[in-house]
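Peer 1: What follows is each chain in one-letter form.
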Amino acid sequence: HLATSLPLPSERHHLRPRIDLIVFMIDIKSKYSLKNVQTSLAHVDASFFLGKVCFLVTGVGRVNACSIETNAICKLGEAYCSPVLYCELELEGIRLATAQRLLRMLQICAGHIPGVSALSFVSLMRNADDD
Amino acid sequence: DPQKTAFLLRKAWTLYSVTPLYRFRRGRLREYARLLSAFIAAEKQKGLAVEVGVELDIKVALSSLADLRGSEQDQAAVLVQLSSRSQASSRNSEDKLVWSGWFCSMFGDDLSENVPKDFTCLPLFLTHGAESYTSMVGTWFQKTFDCCFRRLAISPLNLSWMVAMWAGCKLDRAASAVELVFSVPRLSQPLDISYTIHPEDAKALWDTVQKTPGEISQEEVDVFMDCLYAHFHRHFKIYLSAAKLVKVSTAVASAHCDGVVKILHSQYMPGVLMLLTELAISQIQ
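Protein chains in written order, with the working numbering: chain D, 1 to 131; chain U, 1001 to 1285.
Among the clues, some could well be false.
As the list claims (entries may be wrong) - No farther apart than 20 Å at their CA atoms in a straight line, the calculated lysine to aspartate or glutamate pairs in the DMTMM-like style are these: (1) U/Lys1004 with U/Asp1074; (2) U/Lys1117 with U/Asp1057; (3) U/Lys1247 with D/Glu69; (4) D/Lys35 with D/Glu11; (5) D/Lys75 with U/Glu1043; (6) D/Lys35 with U/Glu1219; (7) U/Lys1059 with U/Glu1043; (8) D/Lys75 with U/Glu1072; (9) U/Lys1244 with D/Glu78; (10) D/Lys35 with U/Glu1220; (11) D/Lys75 with U/Asp1222.
Claimed, not checked - Every beta carbon over 10 Å from chain D, so not counted as near; a handful from chain U, in silico: (12) Lys1044; (13) Asp1109; (14) Val1115; (15) Lys1117; (16) Trp1140; (17) Ser1188.
Said to hold, decoys possible - Have a look at the derived ranges for each label pair, beta carbon to beta carbon: (18) U/Ala1041 with D/Ala97: 51 to 57 Å; (19) D/Cys66 with U/Glu1131: 39 to 45 Å; (20) U/Val1184 with D/Pro7: 38 to 44 Å; (21) U/Arg1186 with D/Pro9: 22 to 28 Å; (22) U/Glu1131 with D/Glu78: 42 to 48 Å; (23) D/Leu102 with U/Val1223: 29 to 35 Å; (24) D/Ala79 with U/Pro1190: 34 to 40 Å; (25) D/Ala42 with U/Pro1190: 34 to 40 Å; (26) D/Thr4 with U/Ser1063: 56 to 62 Å; (27) D/Pro7 with U/Glu1131: 51 to 57 Å; (28) D/Ala42 with U/Ala1012: 31 to 37 Å.
The set of hints was computed from the structure by calculation and includes no laboratory data.
For every residue, glycine included, the Cβ atom is placed at its ideal position computed from N, Cα and C.
Just chain D, with the same shape it has in the complex (with noise of 0.2 Å):
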């Protein structure tokens, strides 16, 4: 399901399936972008930061045209215990490495993969900080 901003339309709530995963798209290039997600992260449920929630930046192969300071989105990943993924949706094959990331990542967060829980996500992050 794909939305330009938090919270979705309360009409089709009963319509709507259950959510595994939330991941917040932030275009390098438009600085537009991370203050929606940030409006739109005060809408998310707390209990989605256990795991459920990641960062995805798009556009990080052009430098050049970068709008967000980088340590602005460590900042964010840091605050809300979420992991974030960078990527270029232009090239072909890294578009393709990161679907199948993002799509491993929901199999563990719906369950459908036996002994990994989408708190796993939560404790790797930490441990790097420790470290």
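Add chain U to chain D, keeping to what the hints say.
Peer 2: Leaving out everything else, chain U in the frame of chain D:
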């Protein structure tokens, strides 16, 4: 000395980053000028001539701009000038300047500190004139000093630093307006939005944002830009933050994302060059 560097003002300079020059000797500038002149003549013989029709004799001059440097570790700037003397009018033997370029380092200690002996660090190269001459001069320098030139593009992030810094500069005489030009992506017809702000308003805004005079942080630049975006949105319902900032213009200097700058005020030239040197060094490293 503002008199000597006045010729650098109000010209559109195309920016390049240059890796350190190997075995560049300041005492041999006249010899280098002769060699470069011969190289250009040879290139023209090969049919890579610039002008069609009139045969032009290109004279090359290399000089040192002793005052154009920042710290003690900086190398003084080196100026290259190409002039033509048309053979047709031998009576009027005035040389016409057709191309100029200069190498510069303004507080480029980050680079010069970590470089072995025998290397001269002049990371910023600015050119004004036909691209074909730039290409010939660049090729000769690359072959002679084993260095590498790359166009220096300026990202929207860096352009917003520039407009915040320069809009906040104190000017003794009436300043020209602060202008930001945005390009709107993904439209069938390209659309440019020009946002012009009265210079006193821009300076007043920056003065309320900046906490410590002489120091600028990313947060302060973000707040400054967010105020400008919010003001524009309030009036026109357009999110400029979703567009690409391509050019900024102030009374101090103007800069375009393709890597073209114009320095307009001699007092702030060192500051502008310091920022550009920093960009050039980060592109090299």
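Peer 1: None of the hints should be skipped; say for each whether it holds.
Peer 2: Here is how each hint holds up against the structure:
no., hint, verdict
1, U/Lys1004 with U/Asp1074, "19 Å, holds"
2, U/Lys1117 with U/Asp1057, "37 Å, violated"
3, U/Lys1247 with D/Glu69, "19 Å, holds"
4, D/Lys35 with D/Glu11, "25 Å, violated"
5, D/Lys75 with U/Glu1043, "53 Å, violated"
6, D/Lys35 with U/Glu1219, "14 Å, holds"
7, U/Lys1059 with U/Glu1043, "14 Å, holds"
8, D/Lys75 with U/Glu1072, "38 Å, violated"
9, U/Lys1244 with D/Glu78, "27 Å, violated"
10, D/Lys35 with U/Glu1220, "16 Å, holds"
11, D/Lys75 with U/Asp1222, "15 Å, holds"
12, Lys1044, "34 Å, holds"
13, Asp1109, "23 Å, holds"
14, Val1115, "24 Å, holds"
15, Lys1117, "32 Å, holds"
16, Trp1140, "27 Å, holds"
17, Ser1188, "19 Å, holds"
18, U/Ala1041 with D/Ala97: 51 to 57 Å, "53 Å, holds"
19, D/Cys66 with U/Glu1131: 39 to 45 Å, "26 Å, violated"
20, U/Val1184 with D/Pro7: 38 to 44 Å, "28 Å, violated"
21, U/Arg1186 with D/Pro9: 22 to 28 Å, "25 Å, holds"
22, U/Glu1131 with D/Glu78: 42 to 48 Å, "46 Å, holds"
23, D/Leu102 with U/Val1223: 29 to 35 Å, "34 Å, holds"
24, D/Ala79 with U/Pro1190: 34 to 40 Å, "37 Å, holds"
25, D/Ala42 with U/Pro1190: 34 to 40 Å, "35 Å, holds"
26, D/Thr4 with U/Ser1063: 56 to 62 Å, "58 Å, holds"
27, D/Pro7 with U/Glu1131: 51 to 57 Å, "53 Å, holds"
28, D/Ala42 with U/Ala1012: 31 to 37 Å, "45 Å, violated"
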